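I would like the entire structure built from these sequences, with the hints used as guidance.
Here the protein sequences come in this chain order: A and B. Taking my numbering, the leading residue of the first sequence gets 1, the next gets one more, and so forth. Taking my numbering, the leading residue of the second sequence gets 1, the next gets one more, and so forth.
Since the hints were made in silico from the structure, they are not lab data. For clarity, every value in this text was computed on a predicted model and none was experimentally measured. Where hints are given, some of them may not hold.
It does not matter which identical chain is used: a pair holds within one copy or between any two.
Mimicking EDC-like on lysine to aspartate or glutamate, the simulated pairs with C-alpha atoms at most 16 Å apart in a straight line are [what the hints assert, rightly or not]:
| # | residue 1 | residue 2 |
| --- | --- | --- |
| 1 | Lys447 | Glu201 |
| 2 | Lys493 | Asp518 |
| 3 | Lys462 | Glu65 |
| 4 | Lys68 | Asp506 |
| 5 | Lys336 | Asp431 |
| 6 | Lys336 | Asp434 |
| 7 | Lys364 | Asp307 |
| 8 | Lys89 | Asp107 |
| 9 | Lys462 | Glu333 |
| 10 | Lys493 | Glu65 |
| 11 | Lys359 | Glu471 |
| 12 | Lys544 | Glu25 |
| 13 | Lys364 | Glu510 |
| 14 | Lys68 | Glu510 |
| 15 | Lys3 | Asp26 |
| 16 | Lys409 | Glu510 |
One letter stands for each residue in the lines below.
Protein chains: 2
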Amino acid sequence: MTKILIIGGVAGGASAAARARRLSEDAEIIMFERGPYISFANCGLPYHIGGDIEQRDALLLQTPESFKARFNVDVRVMNEVVSINRQNKTLTIRNLETQENYQESYDKLVLSPGASPIVPPIPGIQNSRTFSLRNIPDMDKIIASIEHNQPKHATVVGGGFIGIEMAEALIQRGINTSLIELSEQVMAPVDREMATPLHQEMQHHGVDLRLGVALEAVFPSQQEAADELASVDEQGIELRLSNGDLLETELLIMAIGVKPETSLARQANLSIGELGGIQVNSQLQTSDPDIYAVGDAIEDPEFVTGDAALIPLAGPANRQGRMVANNIFGAGEHYKRSQGTAICKIFDIAVASTGLNEKTLQRKGINYQKVYVHAASHAGYYPGAHPINLKLLFNPDSGAILGAQAVGKDGVDKRIDVIAVAQRAGLTVFDLQDLELTYAPPFGSAKDVVNQAGFVAANSIKGDTRLCHSEEINNPNEQQIILDVRNPAELEKLGAIPGAINIPVDQLRERINELPKDKEILVYCMVGLRGNVAYRQLLNHGFKAKNLTGGYKTWLANQ
Amino acid sequence: MTKILIIGGVAGGASAAARARRLSEDAEIIMFERGPYISFANCGLPYHIGGDIEQRDALLLQTPESFKARFNVDVRVMNEVVSINRQNKTLTIRNLETQENYQESYDKLVLSPGASPIVPPIPGIQNSRTFSLRNIPDMDKIIASIEHNQPKHATVVGGGFIGIEMAEALIQRGINTSLIELSEQVMAPVDREMATPLHQEMQHHGVDLRLGVALEAVFPSQQEAADELASVDEQGIELRLSNGDLLETELLIMAIGVKPETSLARQANLSIGELGGIQVNSQLQTSDPDIYAVGDAIEDPEFVTGDAALIPLAGPANRQGRMVANNIFGAGEHYKRSQGTAICKIFDIAVASTGLNEKTLQRKGINYQKVYVHAASHAGYYPGAHPINLKLLFNPDSGAILGAQAVGKDGVDKRIDVIAVAQRAGLTVFDLQDLELTYAPPFGSAKDVVNQAGFVAANSIKGDTRLCHSEEINNPNEQQIILDVRNPAELEKLGAIPGAINIPVDQLRERINELPKDKEILVYCMVGLRGNVAYRQLLNHGFKAKNLTGGYKTWLANQ
Ligand SMILES: Cc1cc2nc3c(=O)[nH]c(=O)nc-3n(C[C@H](O)[C@H](O)[C@H](O)COP(=O)(O)OP(=O)(O)OC[C@H]3O[C@@H](n4cnc5c(N)ncnc54)[C@H](O)[C@@H]3O)c2cc1C
Ligand SMILES: Cc1cc2nc3c(=O)[nH]c(=O)nc-3n(C[C@H](O)[C@H](O)[C@H](O)COP(=O)(O)OP(=O)(O)OC[C@H]3O[C@@H](n4cnc5c(N)ncnc54)[C@H](O)[C@@H]3O)c2cc1C
Ligand SMILES: CC(C)(COP(=O)(O)OP(=O)(O)OC[C@H]1O[C@@H](n2cnc3c(N)ncnc32)[C@H](O)[C@@H]1OP(=O)(O)O)[C@@H](O)C(=O)NCCC(=O)NCCS
Ligand SMILES: CC(C)(COP(=O)(O)OP(=O)(O)OC[C@H]1O[C@@H](n2cnc3c(N)ncnc32)[C@H](O)[C@@H]1OP(=O)(O)O)[C@@H](O)C(=O)NCCC(=O)NCCS
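Next comes the structure, spelled out in structure tokens:
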């Protein structure tokens with residue numbers, strides 16, 4: 001009889017426990033959770049705060065009792081594991097209700113302790129109006145603070161997915177909300193120009209977005225010529241930002257990221273990786289073969305490079321938990337490299353990504369090319385089509401897919417999923433051209449966005465198109481001219497790139513002599529499609545040219 | 001200078017023309033279209049009839065003038081090619097406006113003549129109330145008939161996607177509609193049990209669905225003790241069905257399928273394939289290397305077997321048209337095998353499929369296993385989640401993906417797209433377990449439907465689960481008993497499989513002695529998930545068991 005102890009009772013831990021029981025009736029399985037709940041939907045927390053998920057209970061997928069009944073697992077909530085004693089293969093556990101410590105021995109140990117919100121040592125940050133969000137009690141506290149203090153203004157620090165979801169939740173509750181982000185963009189997994197529509201969407205919905213600023217200090221509110229003795233609790237707080245701004249607020253959510261929970265692992269001298277996560281081999285064993293680790297606490301090998309990455313997402317945690325149970329019973333399964341496929345809803349739009357982004361490719365010195373496609377989520381003539389903005393990163397020689405990002409109101413999840421599968425399977429951009437995807441007018445296009453991205457990328461590799469990017473068209477050299485092939489009405493309404501001359505694509509053939517043969521013509525249209533028509537015409541008429549990928553839309557997002 | 005003639009000005013033809021021009025400015029390109037329009041959205045026709053697409057113009061993506069301006073293609077509408085003269089490489093064309101014939105020579109010829117609706121020689125079918133739908137004039141005639149005759153009742157013959165879309169369109173216009181289908185199910189690409197929810201959806205929206213009946217004859221209406229001289233035009237028609245029923249109706253849409261347009265190809269002695277489509281090689285050349293053919297008119301090699309298949313869908317037509325242009329200019333590209341990925345909206349639900357269905361696997365004698373998964377389109381605790389019913393067919397040894405089908409209100413397109421990419425890339429059901437798909441509560445689940453299908457299929461291949469299907473549980477032998485592990489309230493509300501005993505999964509451990517060890521226990525729950533928990537428990541307690549894949553839901557759909 002194997003005795004399996006599991007630390008952490010949520011995504012990775014509960015999945016491991018459930019699968020372990022399905023694999024063996026006679027294993028003894030104990031799951032320790034220091035919090036009061038197991039198997040809860042962390043990912044749903046912001047949506048309960050915002051009101052979309054009405055019932056708090058909906059977030060509790062299992063209870064210790066239901067887990068016992070179904071899986072015969074001894075679930076111990078409010079029990080914190082305080083140390084791992086590898087020599088004698090025991091744990092020391094503190095019962096947080098009785099404050100007593102006790103021991104439990106194991107044959108196999110699974111660590112799924114998750115990650116904890118990063119709260120930097122900013123002066124004044126420890127106060128009764130400041131929260132972070134990781135679990136049900138955190139959520140309860142935020143809701144209690146809102147209900148008790150009825151804040152008119154809240155501030156979220158951090159523009160990752162939790163920060164964004166919290167800003168949306170607060171706005172939905174009618175609270176004016178500022179979001180403060182140190183970098184020049186929200187949603188670090190995508191590149192800056194892909195974040196531009198997110199910024200617009202947030203501002204459009206009333207978020208006071210402050211990019212490129214940090215929170216430096218928190219003070220009790222000065223606003224109401226305050227009674228010096230009045231507490232933060234009564235009067236709210238004031239924030240000092242790195243740009244010198246002062247911001248009165250009544251609720252502060254810290255959401256600048258999470259760090260792997262490694263205190264137990266460190267104390268037990270398990271190997272820690274370069275990024276601070278627990279190091280595991282491909283079978284998800286730590287440096288001690290009887291101890292497995294999964295989820296937010298570990299480092300995963302990133303798909304393109306195999307380099308260590310922190311991928312604090314629920315999908316990997318769930319699947320790793322299941323795999324560890326398999327491996328405990330000898331399956332010998334290997335966790336594959338991780339693409340970090342992710343998505344976030346931002347009011348009415350979605351942003352998603354898979355693989356590496358351009359920033360990372362640059363940082364790692366990996367050779368890449370990029371294309372942008374803007375196409376409709378489904379046939380444009382059928383109601384409800386919305387543009388999808390897709391960025392595809394690939395190896396300019398082999399066409400291997402390096403990463404993809406997409407933004408839009410509809411169908412963003414589908415396109416990134418499709419590309420994620422293609423990347424995982426080792427398909428190239430050439431293969432994207434041939435993908436046979438579902439098409440009927442309400443669902444797609446005869447040539448889907450993903451096929452189009454394949455065409456554009458393949459054209460670039462084959463030399464059928466030379467691509468131009470915003471950086472180049474913003475700084476044309478003496479030997480380059482800029483040609484806008486849109487209709488004059490579009491230029492008038494939407495503006496144009498400085499210095500461009502305008503010949504609409506449908507007049508180009510007859511007016512081609514207006515263009516110089518000795519210069520390179522940087523062509524653009526709204527998205528790149530007419531630019532491609534014009535580009536090919538110019539090329540076949542003996543001109544030198546390049547087509548701005550993504551067109552004016554991407555250029556604008558880059559400004 | 002290459003002279004390229006193209007027959008057919010819609011999906012395949014217009015795509016070939018546009019791409020050919022992008023590849024060469026000096027090629028002479030003439031596109032012949034016997035109808036009055038080019039580049040129209042065939043797929044949108046039913047939605048204009050039903051009113052979803054309000055503007056008729058929205059269906060016309062290009063005109064001869066716009067095509068000339070952008071692509072410098074000589075577009076000749078109302079010009080029917082009447083013969084191909086391969087010896088001297090010319091076409092004979094009839095100008096349908098002047099009724100004059102003329103010749104045009106070619107270097108390369110592209111056939112994209114499409115397919116034509118099958119109208120069987122049913123007595124009386126040639127009448128002024130009977131239509132089929134392929135192009136804009138067909139649509140105009142149907143709308144004119146509706147507007148002129150104000151029918152209270154219409155009949156659609158054929159339950160393929162065009163028939164279904166037409167039934168929906170007519171219902172949307174407030175017309176009572178009968179749909180007559182010879183087989184026992186609509187949507188032949190999916191298997192019968194997957195069509196059950198479609199039947200329910202259509203009936204729920206008021207379609208009078210008559211399965212397993214054929215149209216045998218059409219008469220002038222007898223209804224209103226009619227003036228013998230009154231014409232069909234004035235009084236409508238009466239249908240005689242194969243089951244003896246008579247059906248008064250005022251509008252009849254024939255939508256029993258299409259057949260490849262091969263008259264020109266046959267007359268020119270080009271090879272015709274076994275299914276009656278034009279035969280092409282992988283470069284899309286007909287038996288005459290200077291003549292290419294694409295689209296609905298050709299036979300494609302089916303993905304799993306390589307056998308010939310007719311795949312009359314817009315995606316393939318568009319991509320083949322583009323590829324032919326590439327090949328005319330020497331690219332030497334190969335058209336890959338076709339999966340026939342397709343989707344159809346049926347009122348509020350969607351049905352989609354890729355690869356082979358079970359009927360075809362059986363007919364072809366291909367070894368397969370199948371699993372059914374019912375899971376939510378996104379996290380169940382986030383509002384708006386709807387069940388997806390997914391059927392996955394795979395090789396029971398290698399796990400190669402043979403085909404997939406899905407039905408549901410939301411996210412069906414995404415799941416079939418994901419599996420279509422996986423199949424095309426040669427991934428197996430084992431790989432489906434590891435797919436990293438976008439997850440946030442509004443978009444998916446930490447373990448997506450597709451991952452779950454991978455788990456279930458992999459379990460079956462590895463021997464972790466033995467699966468049972470409806471056929472078996474309907475006819476248990478002496479050595480089998482049926483165990484329902486749902487809660488009593490579910491059985492009461494929804495019924496149960498005849499002969500089943502009931503022990504709720506969460507009581508199974510304590511009541512396991514109620515079960516016999518010498519019999520095989522056929523376990524089921526609502527969808528298969530709790531059945532899996534119970535199955536594994538039974539197995540690990542030394543019982544013989546099988547789990548009904550898809551559970552009671554799939555069983556019901558099979559009755
Ligand atoms: C607000 C929010 C929104 C999110 N949204 C998404 C999303 O949309 N998509 C997505 O993919 N991911 C999302 N995530 C991330 C996702 O929830 C995590 O990736 C996932 O839960 C990680 O699983 P885990 O098992 O590693 O850790 P957790 O689920 O955090 O579980 C770890 C548990 O271990 C317990 N624990 C730690 N140390 C001990 C100890 N010493 N003794 C006993 N118990 C201990 C903790 O109390 C904790 O409950 C979100 C997370 C949050 C907080
Ligand atoms: C109502 C309807 C709904 C559809 N919905 C979908 C859908 O949702 N999804 C999907 O994938 N597909 C759908 N399709 C199918 C899709 O439209 C076809 O697969 C696609 O149009 C095929 O392209 P093609 O170029 O082969 O033929 P077509 O687009 O039909 O073009 C062929 C053209 O050639 C012309 N022609 C034929 N012979 C001659 C000649 N001798 N001389 C001159 N011209 C000639 C014809 O007049 C015709 O216009 C639908 C079709 C219809 C009719
Ligand atoms: C609730 C929880 C314990 C479920 O664990 P689980 O039982 O392993 O997972 P699921 O309910 O998804 O079931 C998956 C199992 O059902 C099986 N299954 C699914 N559909 C099936 C079907 N139709 N037929 C047969 N089996 C099916 C799968 O094969 C798998 O079983 P296996 O591992 O034995 O192969 C765990 O997911 C959890 O705690 N989740 C909440 C926390 C969380 O994930 N938070 C972050 C996201 S918000
Ligand atoms: C309208 C029609 C002529 C368009 O033909 P097309 O110009 O080849 O196709 P698209 O407009 O989709 O453009 C695709 C081209 O734009 C390029 N493109 C698309 N997005 C781009 C971008 N962002 N940047 C650069 N190029 C882009 C593609 O690479 C491709 O060019 P290529 O073939 O030179 O590589 C043809 O699709 C048609 O007739 N359609 C209607 C009929 C029909 O399909 N009916 C059935 C479905 S309802």
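Hint check results:
For a Cα distance limit of 16 Å, the shortest separation of Lys447 from Glu201 qualifies neither inside one copy, at 28 Å, nor across copies, at 29 Å. For a Cα distance limit of 16 Å, the shortest separation of Lys493 from Asp518 qualifies neither inside one copy, at 32 Å, nor across copies, at 80 Å. Neither within a single protomer nor between protomers do Lys462 and Glu65 lie at most 16 Å apart by alpha-carbon distance, with minima of 61 Å and 31 Å respectively. Proximity of Lys68 to Asp506 under the C-alpha cut-off of 16 Å is restricted to the inter-copy arrangement: shortest distance 9 Å between copies versus 71 Å within a copy.
For the identical chains of this complex, Lys336 and Asp431 are inter-copy neighbours only, at 10 Å across copies versus 22 Å inside a copy, given an alpha-carbon limit of 16 Å. Taking the shortest alpha-carbon separations for Lys336 and Asp434, only the inter-copy value of 8 Å comes in at or below 16 Å, while the best intra-copy value is 26 Å. In the homo-oligomer, the alpha carbons of Lys364 and Asp307 lie at most 16 Å apart inside one protomer (10 Å), although the nearest pairing across protomers, at 46 Å, exceeds that limit. Only within a single protomer do Lys89 and Asp107 lie at most 16 Å apart by alpha-carbon distance; the minimum there is 7 Å, versus 81 Å between protomers.
Taking identical chains as interchangeable, the C-alpha atoms of Lys462 and Glu333 lie at most 16 Å apart only when they sit on different chains, with a minimum of 13 Å there against 39 Å within one chain. In this homomeric assembly, Lys493 and Glu65 never come within 16 Å of each other (Cα to Cα): the closest approach is 63 Å inside a single copy and 26 Å across copies. With identical chains, the CA atoms of Lys359 and Glu471 are at most 16 Å apart within one copy only, with a shortest distance of 15 Å there and 55 Å across copies. Within a single copy, Lys544 and Glu25 get their C-alpha atoms only as close as 72 Å, which misses the 16 Å cut-off; across copies the closest is 15 Å, which meets it.
In the homo-oligomer, the alpha carbons of Lys364 and Glu510 never lie at most 16 Å apart, since the shortest distance is 47 Å inside one protomer and 57 Å across protomers. In the homo-oligomer, the alpha carbons of Lys68 and Glu510 lie at most 16 Å apart only across protomers (12 Å), although the nearest pairing inside one protomer, at 78 Å, exceeds that limit. In this assembly of identical chains, the alpha carbons of Lys3 and Asp26 lie at most 16 Å apart only when taken from the same copy (9 Å versus 77 Å across copies). Proximity of Lys409 and Glu510 under a CA criterion of 16 Å is satisfied in neither setting, with 39 Å inside one chain copy and 50 Å between copies.
In terms of the numbered hints stated before, the structure departs from hints 1, 2, 3, 10, 13 and 16, listed from lowest to highest.
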